[in-house]
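Peer 1: Please construct the entire structure, taking both the sequences and the accompanying hints into account.
Just so we're aligned, residue 1 is where the sequence shown starts under our numbering, counting upward by one.
I should point out that these hints are in silico values taken from the structure, not numbers from a laboratory.
Certain hints may be false.
[To be verified] The calculated EDC-like cross-link candidates involving lysine to aspartate or glutamate, where the alpha carbons are at most 20 Å apart (straight line), are:
no., residue 1, residue 2
1, K257, E153
2, K10, D62
3, K31, D131
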Amino acid sequence: MTTYSDLLTKIEPIDLGYIIDFDKPVLPYWKQVTNAMCSAPHCHPRGQFIFSVRGITRVVTDDGIFLIPPSQAFWCPPNVTHELVFSGAVDIANLFIDPAWVYSLPEYPQIFNISVLVNSLVERAMQMGCDYSVNGKEYRLMLVLIDEISGLEKSLLSLPWSNRDKLNDILFSLTKEPSNTDSIEQWAKSIYVSPRTLARMFQKELGMTFTEWRMRVRLFYAIEQLHDGKSVTYIALELGYSTPSAFIAAFRNIMGKSPLEYITV
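Peer 2: Structure follows, in structure tokens:
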């Protein structure tokens, strides 16, 4: 997949991801980023749970793009290649989970909505750090945290991707220009296939329709702009909606709440 980070400063992966230790089920790590930067694509034997406390992080994997705004978290299973892209100031809490303890967690990358309990447990884990023993209450708390993560509600903030070159070209164009209004017929013509063939490609490769995928791209853009302080009217016009109310309705249809309700949660 083409990445978003060609011009960004690269930071090194965190060493904790490579430590194998059954007696340390979770290794917590707090990361604060002040400027736009990214990690080079990498993988590690520990799984990584990334909780966004402030700012927005994008995660790029071979399977798709994942958006982590505040109140959301991303789960990256062990040995899955991923790239973190920070567009600006970001605070994230990382939990590196030993491979022996990931059996209750998803086998594939996933975005979750954070519960109040998990939020509190993550805060406590950050305070405790990595220096704990199997006989202490800290160890038991880490196991409870893993168990609670396994029961979190899945989020819609993922954007499936394809490695099929023709389809990949369309996907990348749409992510670079979320306001694009070209029809599926126009896109099909650009890659010399019929609209029906392109529609089948979207369903087979991405598990959603062309319209659904484009709406997900626009949702990503809208959420990033909302967190950047942009108004609903500004975002609606940028995305080509005829009125702010049309944008609000489209946002609510996916997220179950209006943009203002979402940003004030």
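Peer 1: The structure should be examined with respect to each hint, and the outcome stated for every one.
Peer 2: Evaluation of the provided hints:
{"no.": "1", "hint": "K257 - E153", "verdict": "holds, 16 Å"}
{"no.": "2", "hint": "K10 - D62", "verdict": "holds, 19 Å"}
{"no.": "3", "hint": "K31 - D131", "verdict": "holds, 18 Å"}
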